[in-house]
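Engineer: The lines below spell out each chain.
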Amino acid sequence: MNPTNGNPLARAMRHRLTWPLITLLSLLVLNTAFNTSFLHIEWRDGHLYGSLIDILNRAAPLVLVSLGMTLVIATRGIDISVGAVVAIAAATAAWMIGGAVSGNVSRFPLPLAIVAALVIALVCGLWNGLLVARVGMQPIIATLILMVAGRGIAQLITNGQIITIYYKPYFFLGSGSLLGLPFSLFIVAGVFALLYLAITRTALGLFIQAVGINPTAARVAGVQSRRLVLGAYAFCGLCAGIAGLLISSNVKSADGNNAGQLLELDAILAVTLGGTALTGGRFSLVGSVIGALIIQTLTYAIYSLGVPPEINLVVKAVVVFVVMLMQSPEFRAELRSLVQRPAPEGAKA
Amino acid sequence: MSAVIEAAPSPQPASSHAKGGQRLNPKYLPLTATISLFVLMATLGSVAYDGFFSAQVFLNLLIDNAFLIVVAVGMTFVILSGGIDLSVGSVIALTTMVSAALVEKHGWSPALVIPLVLVMGTAFGAFMGLLIERFRLQPFIVTLAGMFLARGLCYLISIDSISITNDFYNAVSQGRIPIWGEASLSISAVIAIAVVLAAVFIAHCTPFGRAVYAIGGSEQSAMLMGLPVRRTLIGVYTLSGFCSALAGVIFTFYMLSGYGLHAVGLELDAIAAVVIGGTLLTGGVGYVAGTLFGVLMLGLIQTLISFDGSLSSWWTRIVVGALLFVFCLLQRFFTSRAPRR
Chain A
2 MNPTNGNPLA RAMRHRLTWP LITLLSLLVL NTAFNTSFLH IEWRDGHLYG SLIDILNRAA
62 PLVLVSLGMT LVIATRGIDI SVGAVVAIAA ATAAWMIGGA VSGNVSRFPL PLAIVAALVI
122 ALVCGLWNGL LVARVGMQPI IATLILMVAG RGIAQLITNG QIITIYYKPY FFLGSGSLLG
182 LPFSLFIVAG VFALLYLAIT RTALGLFIQA VGINPTAARV AGVQSRRLVL GAYAFCGLCA
242 GIAGLLISSN VKSADGNNAG QLLELDAILA VTLGGTALTG GRFSLVGSVI GALIIQTLTY
302 AIYSLGVPPE INLVVKAVVV FVVMLMQSPE FRAELRSLVQ RPAPEGAKA
Chain B
53 MSAVIEAAPS PQPASSHAKG GQRLNPKYLP LTATISLFVL MATLGSVAYD GFFSAQVFLN
113 LLIDNAFLIV VAVGMTFVIL SGGIDLSVGS VIALTTMVSA ALVEKHGWSP ALVIPLVLVM
173 GTAFGAFMGL LIERFRLQPF IVTLAGMFLA RGLCYLISID SISITNDFYN AVSQGRIPIW
233 GEASLSISAV IAIAVVLAAV FIAHCTPFGR AVYAIGGSEQ SAMLMGLPVR RTLIGVYTLS
293 GFCSALAGVI FTFYMLSGYG LHAVGLELDA IAAVVIGGTL LTGGVGYVAG TLFGVLMLGL
353 IQTLISFDGS LSSWWTRIVV GALLFVFCLL QRFFTSRAPR R
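Protein sequence lines correspond, in order, to chains A and B.
In terms of my numbering, the first sequence has 63 at position 62, counting the first letter as 1, and numbering is strictly consecutive.
In terms of my numbering, the second sequence has 180 at position 128, counting the first letter as 1, and numbering is strictly consecutive.
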């Protein structure tokens, strides 16, 4: 446990991504141990099949939302309205495609429906951003407004019903495949690549960190913090919109009340698991992707181990508690004092 | 009933405290706005819809929202201290579930079950408070995990709804206390009123209440003043846990069943009620009485929409969102002079 700066192993252990990666790997090992065909990937009918592909495909919406959430959290914010935005985007797309028309007809052209859904999601994000950056509301409250009203808006669009989608080309988004891989993976990879380039090749990442660490200092240093914060929320909304398209396309319907339910919490959990502190500042996009994969793998493990799915929530809760405690300097200090200084009563406990 | 409500906003509340010699202390404005808006909406409803203006319609606001009042009162203390509690809805669900399972499946007496679930909820709140205070964790994420945990525990007990046929629960659920004429209150509503009165006392007349306000104003200053910050912070979440469990008991009377999906999203309604009631989410400013009107306002919106008949229920959510927006803007306007952080 002694920190030795020169030791490469000790340095690796302190890397931000080490613990998320170890968690993910141990989950994969656990899955493999109980199900030997877990890592098996097979080429069939021009598609890749396998549990790993399945996990990646199912994690796609969560990864997208987590990427958006990472930026928002990095600027010291939080967006609890993403679930509602997912529902709104899904409802918009489903309404424009039309639930009643069956087969190969769509009420509006497909590209128009997709663009409209994304624009509405972007507007939702901009609205959140305006409230936070311009009006100066607390992020949790600003986004609470849309979280409360959003499901109502989604139900307004779907007229309170679940719109079933019959238009086949739309299904390609969520369940189609390209080059043998699920198409949703390409969407996620595209968004990730664009974001990663923007963060690492330009000063954007640095600015976001600066705003997250100290908004006042950043503003004094000439960073346009308001515009950055606005952009972060807008991007988060857009990500939620894409996720909404993927989800509605995958389940072939849009449900204003239940689409994206609890997604915001999973996304926040993914970001936290990925090593981004909720207090803003340092953030890791790769970490958030790993975090989202951890959540999906955990869910998969719970299902495949034959554990009743009801336990899912309890396991998630325990994981959050453990991660939270490990991130707390006070808790680590307490642990260290237990290890280093064997207290008289500590021998038994 | 209505006379009481209408009388409330007319004198400047500031005059009763008479400090600083200001005409109307800005910190009373959100509260005044809430009560005025409530009266305005009630008046409009009375004019627009036949049979709206009756004592029972207003008493029903209390009866149907008794559990929300109790939860929101607990939440008020948490928010006053500058925190947040996202676990309240799931603690309610867990309470209904444990009550139903013990009473129906194991044949326990309600006299034993009700104190037990109250202790359980209180302990749950205390545990989260301890984590938040001791390890300096963010209330948001701790209570989020608490929310997952409590809902998960519900499903461990049973995935299905358990209905309650116990005589005691039936009797309490149907019991009505006549007020005057035809109008009556339920036992749950009386409990809720008692909780509000007790909370007003705790907030304004006890050292604990003063410490909560002080911590919400500035934790550091409270610490320097020698106030028991750590104890108070744990106490706030413990109180919220107790309120959630009590609300769960009331909810059990109301629904006569235990179910893991009971009260989904109730934490948002509670937070919305607290905000609409004029409590600042940054902590330190607000009133329990405002929260009561916040809940009544949510109930009134629902009643208006059901009286109208042509509006669908999802309009409730949109109107509540719009109201939240207006009140947050209002709060922002009144606090813009003193930026925090």
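Worth flagging that the hints you see were computed from the coordinates, not collected in a lab.
Accuracy of the hints is not assured; some may be wrong.
[Stated by the list, open to error] Restraint ranges, calculated between C-beta atoms of paired labels, are given here: (1) A/Val136 - B/Val242: 54 to 64 Å; (2) B/Asp219 - A/Ala117: 51 to 61 Å; (3) A/Arg337 - B/Leu276: 21 to 31 Å; (4) B/Ser270 - A/Thr201: 32 to 42 Å; (5) B/Ser270 - A/Leu26: 22 to 32 Å; (6) B/Arg188 - A/Leu205: 38 to 48 Å; (7) B/Ala235 - A/Pro330: 49 to 59 Å; (8) A/Gly223 - B/Ile254: 42 to 52 Å; (9) B/Ala374 - A/Ala117: 15 to 25 Å; (10) A/Ile312 - B/Ser213: 13 to 23 Å.
It should be emphasised that the depicted structure is a prediction, and the values quoted were computed from it without experimental measurement.
We put the CB at the ideal spot given by N, CA and C, even for glycine.
Engineer: Each hint: holds or not?
Structural biologist: We went through each hint and held it up to the structure:
The supplied range of 54 to 64 Å is broken by A/Val136 and B/Val242, whose beta-carbon atoms lie about 41 Å from each other. Between B/Asp219 and A/Ala117 the Cβ separation comes to about 57 Å, which falls inside the hinted range of 51 to 61 Å. The beta-carbon spacing between A/Arg337 and B/Leu276, approximately 29 Å, falls within the hinted interval of 21 to 31 Å. Taken as a hint, the range 32 to 42 Å holds for the pair B/Ser270 and A/Thr201, whose Cβ atoms sit roughly 39 Å apart.
Distance hint check: the CB atoms of B/Ser270 and A/Leu26 are about 45 Å apart, inconsistent with the given range 22 to 32 Å. Our hint of 38 to 48 Å for B/Arg188 and A/Leu205 is violated, since their Cβ atoms are close to 30 Å apart. Here the CB-CB span from B/Ala235 to A/Pro330 is close to 57 Å, well matched to the stated 49 to 59 Å. At roughly 48 Å, the beta carbons of A/Gly223 and B/Ile254 sit within the given window of 42 to 52 Å.
Checking the proposed 15 to 25 Å range against B/Ala374 and A/Ala117 shows it holds: the Cβ atoms sit about 23 Å from each other. Evaluation of the 13 to 23 Å hint for A/Ile312 and B/Ser213 yields a pass: the beta carbon distance comes to about 19 Å.
When the structure is compared with the earlier hints, violations turn up for hints 1, 5 and 6 and for no others.
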